[in-house]
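Novice: Single-letter residue listing:
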Amino acid sequence: MSLTPIAAPADERGLATPVARRSFLRYSGASLAIGGLLLAGCDDDDDTNTNPTLLDVGTGDIGVLNYAYALEQLEAAFYARVASGATGSYYAGANATEKAILNDLRDHEAIHAAFFKQALGSAAIKALEVDFSGIDFNQRTTAAGSAKMGVLNAAMAFEDLGVAAYNGAGRFITNVDYLTLAGKIVSVEARHAAVIRELITTNSFVASDVVNTTTTGTEKSKRPPVVLQTANQFLAAGSKLSANSFA
Amino acid sequence: MDLFQIIDDIAKVDTEVYDRFDSRRAVFRNFLGYGKKVTATAIPLAVSSLFNKAYGQTSALPQIVIDTLNLALQLEYLEKYFYQTALASNILNAEQRDAFTIILNDENLHIATLRGVLQGSAIADPTRSGFDYTGSQNKRRAALFPTLGGTTDPTTGNFTSVADVLTLGQQVVDTGVRAYKGGAANLITQKDILETALNIHSVEARHVARIRSFRRGGIQSATAPKSWITPDETTATPTLPNNGVPGAPAAVGPYVAGTPAAKFPAENNVMQGLTPFDVQALTPTGGSATAGAEAFDEPLDAVTVKAIAKNFAADPAALFN
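Protein sequence lines, in the order shown, are assigned to chains A and B. Each step along the first sequence adds one to the number in our numbering, with nothing skipped, and position 92 is 92. Each step along the second sequence adds one to the number in our numbering, with nothing skipped, and position 47 is 47.
Extracted from the complex, chain A is given alone in its bound form (with noise of 0.2 Å):
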């Protein structure tokens, strides 16, 4: 038996020196609790409030619409890149049915982030900068050995990211008008994920990596922090955001 500890430094409880039987009951009938206890004691670069450079979605139902928003926005902003034909020979040179597809992706995200906006008001966070300099656009999917994501590999990321987002949010939603206003877009990001995820791997609309499917058969969704970490990627210096609100 060993337990890992996630980069922690040696714990001064002695988890990684062999233990009585009794005292083993104790630590590992509490695993999850060590874990989250060894994660606490972490000090990752990323699990910051002090970050003078990220930007705060902010608190309550505005802070998750403005999270929401900021997430519509690089989606938006990725599609409109694609579909617009300026920016790399994939979508140029793309079948009819597959231009039809991102066509559509790119009214549903633009429709979405123009929603937040217009709902927000004065109240939304600025127009972020994007940076998919990651992204090759002129890659179908990603190349083998590339260190860019192909744009349908980038596009499954992005909506496969908006929905675990959206379903990891819902529990700080106070107002139930807001919860089923994200109802009516995660459900569409998911048809959206499902989509992609068939042009690349047929029978992949539901595959292990963003579904259990050993136990639950549900989505695997992710607190705003961990969403925004992915996010940050493709968000340039001055636009990161972070969601000290919602851990």
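Don't read these hints as lab results, they were simulated from the structure. Note that CB positions come from ideal geometry on N, CA and C, so glycine has one too. Certain hints may be false.
BS3-like cross-link-like pairs, simulated, lysine-lysine; straight-line CA separation at most 30 Å [stated by the list, open to error]:
(1) K117(A) <-> K139(B)
(2) K263(B) <-> K184(A)
(3) K117(A) <-> K263(B)
(4) K240(A) <-> K191(B)
(5) K117(A) <-> K184(A)
(6) K191(B) <-> K220(A)
(7) K184(A) <-> K191(B)
Reference listing, derived: stretches of chain B covered by chain A, where coverage requires no fewer than 3 residues with Cβ under 8 Å from a Cβ of chain A [stated by the list, open to error]:
(8) 61-67
(9) 96-105
(10) 109-117
(11) 157-164
(12) 190-197
(13) 222-235
(14) 282-290
For this one, chain A is given, so just place chain B on it according to the hints.
Specialist: Same frame as chain A, now just chain B:
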């Protein structure tokens, strides 16, 4: 907070506290698997669930939560036996077969998950014979889909038309997505249950996106239906009888309004927000005329969901009440 000190303190009054967390054998399963899922941010949840598990201190669920989850559970059984029968009928091609097998596995897990939350409050398994996918309600009336069970014994019969399987499958799962969406509001006080329901809801949406792709002849087909709901489906899809459910609209279906219609509009709705405005107007220049309606799915109220689902119960009085 010193968790270990707390446990030690409890041990002073309950010498068996350690055993309550896990039997010795179960320790290894949870030890190896559960700890990995925890993040620092989930500590309060982890600790409270740890003690809930130890002492069974789960407080009774509010009735609205029980009712919402039981309606979801009945819909999951409707889906489960639908997919099971479709597979047993041996009419699907290999790609459809693989997809339906994947979906059926998810539905079985959804059932297990919902039953795990509901415990003794869960409705009984209706079994295959609790459903009649022809819509004849076990020969009480003319079949809506005679190929989906035949006319001799429609509660046990196999399916003979792939097109009808896909058509009803799409309608049932789109209804399920609307039902979960409408029911989420009832779960707002139970954060973990809410998140679980949202996480089922999105998986069902992925399922129906796939089914729709089969209906159009494959993921590379450019014909209808799209994997997102298009506004024409609201007017083009035949509606279903409402089975006399009190308060249900006269005509019900997966793409038309529920009740009240203002809160549960038809799927071709484009007015969104707490102070509604037209989202079609937000479509980019050169974009599609249907994007506004497609970009938002609509919830459905429990009354209307029941009215729809009763069409596929063998005994409309026995289910979806």
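Novice: The structure should be examined with respect to each hint, and the outcome stated for every one.
Specialist: Hints and how they fare:
Of the pairs offered as hints, the one joining K117(A) and K139(B) is violated, with about 53 Å between alpha carbons and a cut-off of 30 Å exceeded. In summary, the hint linking K263(B) to K184(A) is supported, as the alpha carbons are separated by about 12 Å, within the 30 Å threshold. Note on K117(A) and K263(B): the hinted pairing holds, with a Cα-Cα distance of about 22 Å set against a maximum of 30 Å. Straight-line distance between C-alpha atoms of K240(A) and K191(B) comes to about 28 Å, which keeps the hinted pair within the 30 Å bound.
Using a Cα cut-off of 30 Å, the hinted pair K117(A) and K184(A) holds, with the two alpha carbons roughly 17 Å apart. For the proposed pair K191(B) and K220(A), the alpha carbon gap of about 15 Å is at most 30 Å, so the pair holds. Between K184(A) and K191(B) the alpha-carbon distance is near 19 Å, which keeps this suggested pair within the 30 Å criterion. Using a Cβ-Cβ cut-off of 8 Å, 0 residues of the stretch 61-67 of chain B lie near chain A, which falls short of the minimum of three, so the contact claim is violated.
With a threshold of 8 Å between beta carbons, the proposed coverage of the stretch 96-105 of chain B by chain A holds, since 5 of its residues qualify and at least three are required. With 4 residues having a Cβ less than 8 Å from any Cβ of chain A, the stretch 109-117 of chain B passes the three-residue criterion, so the hint holds. With 0 residues having a beta carbon nearer than 8 Å to a beta carbon of chain A, the stretch 157-164 of chain B misses the requirement of three or more and the stated coverage is violated. With 5 residues having a Cβ less than 8 Å from any Cβ of chain A, the stretch 190-197 of chain B passes the three-residue criterion, so the hint holds.
Residues of the stretch 222-235 of chain B with a Cβ under 8 Å from some Cβ of chain A number 4, which satisfies the need for three, so the listed coverage holds. Counting residues of the stretch 282-290 of chain B whose CB falls under 8 Å from any CB of chain A gives 5; the rule of at least 3 is met.
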